[in-house]
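J.: Now for the letters of each chain:
2 protein chains.
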Amino acid sequence: MNDITAAIAGLKELDETVTRLGHVAALLEWDQETYLPEKAIEERSNQVAMIMGLHHEKVVDPSWESLFVELGYDGGGGPDGVDEIDNAFLRESYKRWKKKAKVPKRLVEEMARVTSISQAAWASARKADDFTAFAPHLRKVLDLEKEYALIVNPDADPYDTLLDEYEPGAKGDEIADLFDGLAAGLDDLLRKIQSGNRPPSSFLEKPYSVAKQNEFGKIVQQYMGYDTHRGRLDLSTHPFTTTLGPDDVRVTTRYDENLVLSGLFSNIHEAGHGLYEQGVGRSLRGTILADGTSLGIHESQSRFWENVVGRSRPFWNKWYPEFSRLFAENLETVDVGTFYRAVNQVRPSLIRVEADEVTYSFHIIIRFRLERALLAGDLTVEDLPEAWRESYRDLLGITPSNDADGCLQDVHWSVGLIGYFPTYALGNLYAAQFTRAMENELGPLGDLVADDRIGKVLGWLRKNIHSHGRVYLPGELCRRVTGAELDPGYFLDYLNAKYSEVYQPS
Amino acid sequence: MNDITAAIAGLKELDETVTRLGHVAALLEWDQETYLPEKAIEERSNQVAMIMGLHHEKVVDPSWESLFVELGYDGGGGPDGVDEIDNAFLRESYKRWKKKAKVPKRLVEEMARVTSISQAAWASARKADDFTAFAPHLRKVLDLEKEYALIVNPDADPYDTLLDEYEPGAKGDEIADLFDGLAAGLDDLLRKIQSGNRPPSSFLEKPYSVAKQNEFGKIVQQYMGYDTHRGRLDLSTHPFTTTLGPDDVRVTTRYDENLVLSGLFSNIHEAGHGLYEQGVGRSLRGTILADGTSLGIHESQSRFWENVVGRSRPFWNKWYPEFSRLFAENLETVDVGTFYRAVNQVRPSLIRVEADEVTYSFHIIIRFRLERALLAGDLTVEDLPEAWRESYRDLLGITPSNDADGCLQDVHWSVGLIGYFPTYALGNLYAAQFTRAMENELGPLGDLVADDRIGKVLGWLRKNIHSHGRVYLPGELCRRVTGAELDPGYFLDYLNAKYSEVYQPS
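Quick mapping for you: the protein sequence lines, in order, are chains A and B. Here this note's numbering is used: the first residue of the first sequence is 39, the next is one more, and so on. Here this note's numbering is used: the first residue of the second sequence is 39, the next is one more, and so on.
With the rest of the complex left out, here is chain A (with noise of 0.2 Å):
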């Protein structure tokens, strides 16, 4: 073993351990999410943070330092002679390591602490409907996060520190751009559609059987080729998918008699997530690159299955036998066009959550124009209320009369997470840019749902993105994957094509 070989093995087992105590995290995570007796949350959030306090110790363990020197490592090229995935086992862990090693602890507990009672801040804000007395959280968290983004790179506009926590390499001008393109283009298919016909779906008010949706859910999870070997299904209360070591990917869903929908594509996007994590390539096992590469990546994953999949025609031509048979009471009269079209509804709505596939992406784009202005300085915490109606009434056509309804609805400010929501939107045009990559290579995705080729869809995502884990970044692997930049045009057309079938004009 050389000089080289032998620091990167030095660097390869503090790793490790690192990566382990981080499965060791979340595996008290999901069970505090799924099966924590309500008495034991207290101590499961002392449990939770020594762990991540020895998980932090080792990511700025002192030889990591010594290894990187040794190695004439800087973050730049590697070492000559270093294959791909040891330079990005590099570029990976000495990016942690050099942030983890940069903030101060200080920073660290202040974040911590502030954003523990912001969120608990936001939690009664939004229940009270009183944006006033969360406004001076929100103040603070701004603050703290900008601080962070100027210790970590002092050069940088802080919100693509923040930005690339989320979207490694990724620029708040760039996601502007793309951004501006997607919001005229959805805004002018919104206006087709609004003058279309609007598809029946009183049947999807009914109930459903949750025991039922159970029981379908893990049918379609099998189907995409979730491997319950290497990960279950759970009930949570928000759904969520968690790693827990490189054969345990684990996904958890939530049912409500009342919204068969939404418990449906809920279990889709969780098996879309875990089928990345549990295709990550073998040789990454257990490594910081066995991961997926951003969050919008991650998030493209999900929602090709839930949308480009799961809220296709060729999807619903197979599996509506099925369906409609478990919900006879329910579906004995509708045929499976028109139950397509209901589960396709557009229809511009105040709560992100519940948006569908075409007007998702305003509260996204609304969410980056204001968190950006307001790291900025360009839009104080006070003037964000009216600032938020207004973005709704020019981009969705409509307002909120409340800010639980507005912006209060969601928690990620009040913890901090700014930057997180592009990914969102992101995640929507690397689908469907992906999408088109396979079908050039494969054919029309809908024949190859419709002749059940569903494993050659899966395997051209483990070939293509699953496998690669963290070793391209996402800018990388979008032009190595599509030969081109990510463009909001692929997402555009595919919207087109479908909501003008689903939306005949009238």
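No lab work stands behind these hints: they were computed from the structure. If a hint is listed, it holds; no wrong ones were tucked in.
Since the list gives no way to pick one copy over another, a pair counts as held whenever it fits inside one copy or between any two copies.
With a Cα cut of at most 20 Å, we get these calculated DMTMM-like pairs of lysine to aspartate or glutamate:
{"id": "1", "residue 1": "536", "residue 2": "525"}
{"id": "2", "residue 1": "256", "residue 2": "76"}
{"id": "3", "residue 1": "50", "residue 2": "81"}
{"id": "4", "residue 1": "133", "residue 2": "103"}
{"id": "5", "residue 1": "77", "residue 2": "329"}
{"id": "6", "residue 1": "77", "residue 2": "265"}
{"id": "7", "residue 1": "136", "residue 2": "108"}
Predicted, not measured: the structure shown is a model, and the values here were computed from it.
With the hints as your guide, set chain B onto chain A.
T.: Using the frame of chain A, we list chain B on its own:
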């Protein structure tokens, strides 16, 4: 804060982390037995090993030694002015530190390696009924256990040192005397029983719905006072109780449609363990003292509920109406007296875990005598199978026709649990002696059950046993609670009174 207070506070801070790491390991293990995806098992053992490694590091942290030195504490009496609980804290934490710091890492690793191989060898030897394949592994385990015992305490009988891990303060000679008296008394009783009328029980061999077994199990656990806001019930291959935090004491069970009593009494047994852990006093929360004081005392709690309460006539007078309604298809023509006698059948058998209340202790006495002789070198490993057969012939009047149902039936020795078995029988003895003390104070237990004053029973156990955690060693606890040393007479009196009614002479 004076120096003594400060030093004790320092020790408690160290202990808090040790305890918390133990709880995290307990979650990893609980999840492994309940919900872990099958392919995740290998990485889970790495995760447990990592956490137990951190736990060990913290147990032997040099700060322990310097703080004990500062206090002038060497395991004897505590410093002046220190209260009972802090004295117990010093005693237990010193003992743990001393032992762990003394045993070389080499030996700990060797024991882990050898027992892991030995357990696998035992499993296949039992399957193939091939004791000679297991014999060399058992020899190695015995050698290592002896080496370990002599390092921990070079001046003591190695068996006593091992026993002390599970039943602090107990001595092999004293247990041998107790067990001699117990064996003689049980022998007399068994002869009487065998000349009595065998109760009918064919209705127990019918299928009992697993869902209804679970429903009834939960009702009974709630009746006992097991708090599901601070615990939960799940399924696992082998039932167990585990503590994941001061407010998180979980139990597991298993159900078999064809073995209704197995699931039922496992529910009661584990909830008995759970009540002990849930009942630890608030001032001991999150410390080394927040646990049962010995396995024998722990087993006294599970067996008190399982046998003394759960197999009693007043219990079934109360619960049989509901139970027989749930399983009307099997029990319509069975009256409560017949059912009560059936759940108290006595029959010498070869398998410990299937034994009844009367013959169970024989299985333990045999294992205790044999493991002591093996460790002392008075019995060679190769002679074990024959010695086993002889013991069963002598004490139970039956002989296994193979070693799989003989000396290969239990996992314990293969994993190095020497000195563990006696605690199962001590549990029966403690339970009977505690019951007498309780009745002296509260009146006959049967009346408490019949009059729906079961809360009084739990209250007495909480006050006298549970709340003290590990503050008193088991011998001291027994004297405090019952005013006497442990004496098998109480257990024999209890059995004689009960079984003279169940088995009337023919």
